[in-house]
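Each protein sequence line maps, in turn, to chains A and B.
The first sequence lines up with residues 1 to 552 when you count with our numbering.
The second sequence lines up with residues 1001 to 1337 when you count with our numbering.
Don't read these hints as lab results, they were simulated from the structure.
This one's a predicted model, so the numbers in the text were calculated from it and none came from an experiment.
Certain hints may be false.
Rough simulated footprint, nothing fancy, chain A against chain B, three-plus residues with beta-carbon under 8 Å [unchecked claim]: (1) 1081-1087; (2) 1155-1161; (3) 1169-1176; (4) 1286-1300.
Heads up, the beta-carbon is just placed ideally off N, CA and C, and yes, glycines get one too.
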Amino acid sequence: MKNLRFFIFAIVSSNIILLGCNDERASAVRDNVLVYCSEASPQSFNPQLVTSGTTFDASSRQIYNRLVEFKPGSSHITSSLATRWDISASGKEYIFYLRRNVQFQSTDKFQPTRPFNADDVLFSFQRQWKTNHPFHRVSSLGFRYFESMGLGELIKDIVKLDDYRVKFILNNPDAPFLATLAMDFTSILSAEYAHQLILKDDLASIDTQPVGTGPFQLTRYQADAFIRYKAHPEYWKGKEQLEGLVFAITPDASLRFARLIAGECDLMAKPLPIHIKSAADYPELITLSEPGSNVSYLAMNTNKPPFDNPKVRLALNYAINKKALLKIVYNDTALIAKNPIPPNMWSYNENTLDIEFSLTKAKALLDSVGLENGFKMDLWAMPVQRTYNPNAIKMAELIQQDLNKLNIETEIISYEFGTFLEKIKDGEHQTALLGWIGDNGDPDNFFTSLLSCAAVNSGNNASFWCDKEFDQLITEAGRKSNIKTRTQLYIQAQQKFSQAMPWVPIAHARQYILAHKRIKNFKLTPTDGMFFSGVTLEPVNTQVIQSSDENR
Amino acid sequence: MLILILRQLLNFAVSFFVLTVFTFSLAHLFPQGLSFMIDQKTNNDIFSTEQIELVTQTSHVLDSYFQYISQIMTGHFGQSEVRGGSVFEEFFVYFPATLELSFGAILFALGLGLPLGIFAAKNKNRWPDKLIVSTTLVGYSIPIFWWAMLLVLFFSLLLGITPVASRIGFEFDISPVTGFMLIDTLISNQPYAKEAFFSALHHLILPAIVLGTIPLAVITRSTRSSMISVLSEDYIRSAKARGITSTQVIWMHALRNALIPIITTLGLQISVLITGSLLTESIFSWPGAGKWLLEAVYRRDFPVIHGGILAIASFVILTHLLLDILSMMVDPKQRRH
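Only chain A is shown next, with the shape it has when bound in the complex (with noise of 0.2 Å):
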């Protein structure tokens, strides 16, 4: 019988360890720390350099202000850094009159001595504008969306007029411009701190170990682990109930799901449509939900032929089967789309051409232009899943399908997401399934970030269709601010979208949270951005989630 203690003692020391952790304390500091399941990591920390709502999420929407910014859980305009402004008759002069006693966060690295002001608004629009700011070059990524938004075009001056008021001149009278101000590339970073950089020869850390105003401020972060924030003690609207904000990055959208019913995390990004039905056995868990600012697309690269040809662009938006997608990927929860823009914004246009999946069309199309035998191409889809495509991998398979009908082999190609969008940038693909969310809810952000011809040069253009007349159209809708005026030219740029047909337009989606009974005064945005500001926790009741266990 001795030969059986070994036995049990075996047995038996292997589970004191796991009981010995079993009765771990509900400590009391997660009762002040929000715990964020996100499902990627950020490109950066600086809002200037890229289009990726993950790293918004992480950078803009956390650490910085903006001089005006959208009322939360909307697109309408409010006073942020600047506490009013006035918009001269011509529509080309703004003044901005600038809050005082902001303070920037200090960190181990920076600790300031003077509060915001406007040198810090010249700076951070300087660095993206100016080509010789020795702030410019800093970074490899470039300033994508003050570019494909042409501001540098836009703007023909901004001045100091003194320490609290600041005038932006532009060239011609721009309607959005105000949304633009408070959209997320349009930060403030602080210029004193680019400052003390530059004399430590230091610069790549504007980027890294970022510097604002906002609500929380960075403390650690370690790429696909976490990002950890605390509450900024002197943010000018008042320190945040919440003590810490973590971001749990979890790529993989049912473990995030899973660490949501274990409690491990209050939220989680990007439900799949699994997840939303399952949620509802739970009773601990709500479920967020606001219908979408958002389209998604499969864009043609006109430089590369045979994409070269409309009719080629066309004969794909019949051969792909719409309804068979929305189905399948989104569990019938998003709407077919047929423009660029998504119906619940305005300017819709109602009357551009219905296409119906048809193989004898888009084979019809196919012969004319002498590729009855098909051809070869590649087809790019993301590995990651945003809100407005919640599987770009499988879309694409069921596209290759779909174009296999026609003989039409396709090669799937995909990159994780930051090097995806890199290569997409550099035109390496001849087609990419894409998508868009509208950040500051007006029509301008859509046309003119993806389809104008300076969006061809940032990049953002992913279909590298520069059509004159369309890019004179919503040029001049952007300089009008009569609503009517631009809706009229809003409509007329669509019809030629249309005809020309740069994309496969496909789906707008709903967007969906998942969340923690114990979050309150947490908001949906239309923009699909998660701002923290203002959010509580009830403290953590270890009862209640067992109990609902035993209900399931």
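Knowing the structure of chain A, use the given hints to seat chain B on it.
Just chain B now, kept in the frame of chain A:
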């Protein structure tokens, strides 16, 4: 003894040489060639053209190889294309997490595998032995990711007694000093240091079990077979004849001799652990070197792939060296030749 250690070191040098030749040729296949090895300071414009020529266009391949060796010897593995940070420094941020996990796995495998193997050997060909042997076969052939899912489903989601993923509860903010979470939590001066330590230990359990399953199966089997052969030796019989208790015979006499093949097996498991950690770390969101390397592959971040392969392979070679020396110390027979 000293000569033997020197000989082992020579072996190590040869393996390292082969490794660097391999990574050197690999680096030549990268789109940007060897130029990623250049230390780029903050400004892209100002790194000198001479430097580029030195590394990329040196006349002879040997020159450029020696240049390469001197770079890696001084810890210049190049910079991550995605994050811009030094690959060498990044490696030491992520690697301790892998080491910690591997230690946990080895501890689990040895702690359970040795007693089980001995127990099986003592009951040779009886039902406990058969049960253990067939269970280890299952453990050895089980797909690691499926096994991990199963454990997470059962222990974390159904019973709720273990965490789902990551190294520590996110409420604890522990500054990395050594990179080993269990040590960092203990030396942390945060008020919740003790809770943080238990949280880290708690988070280690499932990943360590998953990663340790295959080594556990292997160790149990090799302990069993090596124990069986030792137990049939004459000196064991004579020890028993002298009236020494069976516990003493096993632990004092048999185990020491049975341990030698086990150490060899253990050495072979190091590479299993490293490859296993690629999967385990991804499943558990464990921020270790395996996941780091995997993400780099997804990103086509060539400097990181290159540096990661070099660093991990060097580590495996180094552990083999240490284990060889260890087994020489345990086994006097090996010292003789």
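Now for the hints, and whether the structure bears them out:
1. As drawn, the region 1081-1087 of chain B meets chain A at 3 residues by the rule of a beta-carbon pair under 8 Å; at three or more, the given contact holds.
2. Counting residues of the region 1155-1161 of chain B whose CB lies closer than 8 Å to any CB of chain A gives 4, so the stated coverage by that chain holds, three being the minimum.
3. Counting residues of the region 1169-1176 of chain B whose C-beta lies closer than 8 Å to any C-beta of chain A gives 6; at least three are required, and the coverage claim holds.
4. Check on the region 1286-1300 of chain B: 7 of its residues sit with their Cβ under 8 Å from a Cβ of chain A, so the three-residue criterion for coverage holds.
Every hint from the earlier list agrees with this structure, and none is contradicted.
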